[in-house]
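Join the two chains, each given in its own frame, into one complex according to the hints.
Keeping their order, the protein sequence lines are chains A and B. Following our numbering, the numbering of the first sequence begins with 1 at its first residue and continues without gaps. Following our numbering, the numbering of the second sequence begins with 1 at its first residue and continues without gaps.
Source of the hints: derived by calculation from the structure; they are not laboratory data. Any given hint could be a false lead.
What the hints assert, rightly or not - Once the Cα atoms are required to be at most 20 angstroms apart in a straight line, the calculated SDA-like pairs of lysine to any residue come out as:
| hint | chain 1 | residue 1 | chain 2 | residue 2 |
| --- | --- | --- | --- | --- |
| 1 | A | 178 | B | 254 |
| 2 | B | 345 | B | 272 |
| 3 | A | 369 | A | 46 |
| 4 | A | 122 | B | 75 |
| 5 | B | 101 | A | 46 |
| 6 | A | 369 | A | 122 |
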Amino acid sequence: MPRRVFVTGMGIISAAGIGTGAILESINHLKTGIGKLSLFPSRHDHLPVAEVKRTNAELTVLAGIDRNRDIYSRNALLALIAAEQAYGCRTFRKVPDHRTGLVMATTVGGMDLNERCYHSLKRDGTYRDYVRVFDSADCTEKVAIRFGIKNYVSTISTACSSSANAIMLGARLIRNNKLDRVLAGGSDALTKFTLNGFHALEILSPTGCRPFDRDRNGLTIGEGAALVMLESEVSADPEYVLCEITGYANVNEAYHQTASSPGGKGAYMAMEQAVAAASLKPVDIDYINAHGTGTEVNDLAEGKAIGDLFGDRIPAVSSTKAFTGHTLGAAGAMEAVLSTLAIVHQIVLPGLNFEVPMPELSFVPVQQKDHAEIHHVISNSFGFGGNNTSLVLSRA
Amino acid sequence: MKAYVTASGVISPQRTHDTHGFPEHVYETVANRMQCLEPDYQTMINPLQLRRMPRILKMGLASAKICLERAGNIDPDAIIVGTGLGCLDNLEKFLLDMLDKDERITSVLPFINSTHNAVASQIAMDLQNYGYNYTYCHRALSFESALQDALMHVSEKPAASVLVGGIDECTDDFVRLHDYLGFWKHPVNNLDLFREPGSGTIAGEGSAFFLLSGRPHNEETVLLQAVQTLFMPEGNADPETVAAELDLFLADNDTTPSDLDVVILGLSGDHHDDYIYRQLRRNYFAPETSYAGFKHLCGEYYTAPAFAFWLGTTIIKGQHVPAVVLRDSEQKDVIDRILIYNHFKNTEHGLMLLTRAKEGSV
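The shape of chain B in the complex, shown without the other chains (with noise of 0.2 angstroms):
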């Protein structure tokens, strides 16, 4: 059960739609949420479709079809999103339409853009692709729970391809409605965002895509060895448990923490959230080994491991970690393993595992 990742087609706060690689120049700001980059879509996206479209779908379909051209335009055999929230701007205005004008709909369109399958659905009206077509809606595990999806189905016919996304979108009232609760800090420069101290941190967005393959396609350099959820409940998470989970599922993939040549980590600038990243590389992760972070350059959101996983696919591709995403370590010559492991707030647990392909890898 592993896949070849052949390709990916990014939307994120950082300019990753039309670079290939890590983007040269890290984009800044001062707030507590971060939005994303959005290419010029009418390239992409029929005109008359796209006066319509909500943004969600936009970003989805634009990163998909970036991802299949980069692959050579394969018609997947499967597509599968990971979506925490789905069309959440649509759904509000739904709501918002039928509490304000007491039941009288001004448009039924936001309702039917509501629904969490509209992004899947309309990549499949778009490749007019008739196969399986599944998403995810668990907070943060929606992402890792297409990807172990995509997994199975390679593994039930290793010549499948899968498209395979995360994508999330934020709302003033969604940042509104959090603030409440304290998810967020106040204004702050998102590159400081791990030196920041106290709890909060900064809501993000984005729509990230691969496409994994059974079998290489052109000359692949990173495979998704193996993908794990974890629901623990907040009290039933600390960094013990954790290290113990971890230790299953790295020797189910014959690992040991000193194989891994980078971690990253989803630390998000909360001080309790942060507390067991901290406390896995202080007595778990082997010393040399890299640690990165990346909520800095995408916001918190509950598909912000897809983003990780396009840094470690271009992390392995490029076999450099940039310095932006590094935590107080330094770069190992070879890059052959990353483990990537995300939380949020101590409940749901995601670990991802990826290797550098090598001949006859799978």
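Bound conformation, chain A alone (with noise of 0.2 angstroms):
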């Protein structure tokens, strides 16, 4: 009989507020964190951005940090203010040390400290100490130390699903009775690097991006962390109990490295098979917290694969990225954190920015909070590689 996963605390990190209660403020509110480029400067500042407005030196503090100790990423200062919200803010039950373990995710790492000092550090090695931070694993490791997780702290990047597959993993290794409790999420600041890299692949919304929208034209790129406490039932706390993963599935669309197939195959593998670990049934679903990035292609993949599995009983769909922007390696956590407030507030999550159906759909976004029985919940996170993972999110 495989274990049971439960969530017993969350963090979050975003434009849209920090913490669970501001974020959900800013959703009762219809009230969006996208906006104006401050963060560096850039050619494309006339792109909307979805900036957590916190200078670095602000994030210092938020995050506990005393000054001058080590060389933090803005990536790393957001995770350990999301960690510090999902982890630090309790006590828990003991367990023993050896059966914590942290999986963080990121898309680009310390690249926010990288590309300001990359010239420099190359001509004369100035700055050299700040090499060490530039990778993946430098956000983990400092949040690992924080709560001093040693027996299995690890890092995972396949893009835009990042973080929904690090909450797989930690849910997988506690089923496999590997662990008790896993801290798992991710986080990505905002970087020059990204926003050229999407604005080449020419896929940035001029206006903020319009999820389900048939007058869609691109994603927003915006920042964050969130991470989740994940816990066996020889661990969990029921009074802490949010919410229970009960399913989750990863496939690959071995289609195309950064598009969708049209068909959105890929999404409704990952769907399906979801559904079917939780031992559930389609029609078993309340909502979808969607991928909806906003581009022409994603929701028009990710809506036909809603259409095929769901048929004429589809759920509540909505895509919180309007909120949120795409945090990249942050989005899936930052998701199954709002797909969590969803269940425990018995809300669907309202969309923004919607106008005109798209003609291809049969459903078009939820545009109002509204108190729901939740019961079960699909969050959908697809990256680049064709790399589509669902998680299934459920009442306890």
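Next comes the structure, spelled out in structure tokens:
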């Protein structure tokens, strides 16, 4: 009998708010986190982004860091703040140290520092110590050091599905009785590197993303971090149980390095397998927190896959990226946190910026927060390289 | 949670891509960096794709295909890749393009190819494989994390076959930036790496893929028993702490230090980093155990443990420890059990236990 996996804590920092209370407030008031670029000068500063409106100095204070002790990328600061919310704020039932693990995810790690000092570093070795914090693991290790986690520490990087995969791995480690408690999630800071990359791919929205709208015009890149505390029955204090991870699936579409297949095959397979893994049927799903980036290709593929899997009983669907932006390596965990909020508060979360239905689809996204019976939620995360992941979160 | 090692495909600074067993000739160079001896990709990869494919993707795809072909063209249930730095060359290319041209990007291809999971997805596309597809990027634990996941797959689904690999590429900028941090020795003959005093090592690279299976397909001789990773930031890791962790790991696998026929250690030639290995050898492992090093053959890189994994499987299959890897010890007559222990800068520590498979041993 596989062991059950519960979410017992969570942390989030995003453009739409710091902490679950603040982000819920933004959602209640339909207030987007998308705005003007202020973090760094850029040729593309006319394009909207979803920044966490705090300087690195402010984040350093929020993260509770003594000045000058080490080098912190913005990515690591965001992760530490979210990790503190998920792990640092309360005491836990005692489980042996070696039964606690950490799985983090990111797409570009410490790129925010890398792109700032690469030239001088390469020229004459100025900022040489920064070299250590450029990679994907640096942020993970800083979180591990903060909480003294040592027996299972790892980092996943599968593009925009990274942190959904971190949560899936955390759940598998508990189910397989490898660990009792896993802190899992992801982080990515806004960088010139990713802004330019997505700009060069010509998929950034000039207006702010409009998920599942006929006139959608691209994604809006964001930043932030989110983590969840996953616990087994052995470890979880019933008082803190927020929801249960009942299903998950990761598949590869094997179609294209950057684009989803027009038919949404990967999205379909991921959702179908995740629902089956939860021993549920599509009709049991009450709400889908979609990947919904607002690009031409994603929303069509994902929308079609939803239509194909759910037929004439399509659950409530929305993409919260219109609030948070697309936070890349943090997106999957951020949306798992939002899906958990939907379960805890028994609400469907709205999207934003929707006006005209897509003619190819038989559903429109949720536009107002609604109270509803929420038993089971699907959270979708799809990434470059055809990496598609769906999580099923259920009322415990 | 054990798995048969069904086949391997390895591209490394040694001639490993087209040899079965340990290569007869060992490659020597005087440098602070070792580069892969790459095969002719024309026979393995579609020429149209090949032209635009970054080097790390060629290495990854080719070694994966060599491995699967040797396994009898099995379609794996999962593809799991460990890579410390991913597609570093393309990441640097895009970064420099952006910085030098003041954000007037000349080509988006390096951005697409800079994603850490490009190797795993390239393999999936080539095989048209829709299965589980993960990429671990955690410094010196990347390959061990991938192996742990593979073992978990086999335990979830015993009939499963998992393609698992460790891959990293070395670039000029990587060597240069880490030179500022004192990572490398002055140019040295790689075969003298362990005799060179002082700090620093040789930069390396490689791609090693393995097919692991819950059930035997052919006449597999090597079993992966267990993998363990430890994160101990500098200051926490001393030989006694590592010895205590080794005790737990070996006991979990019904093994004592004297059961180990060969111990493969991640000796890098850096006096400080090698201290733990020297102390463990002196005070923890049994005197009759054989000791092997491997980084003089492949250099130091985050997924170097994948090269050690290949070396371990080769030693068990051939029942022979090549003289060039033996460190001041003799080979035992029968080799049933090999421990691989690697650490990077006393921070990320990985343990892997390989055994000789016998009838009904899973």
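Inset, instruction - Hint by hint, work out which the structure violates, then give me just those numbers in ascending order. - result: When the structure is compared with the hints, numbers 3, 4 and 6 turn out to be violated.
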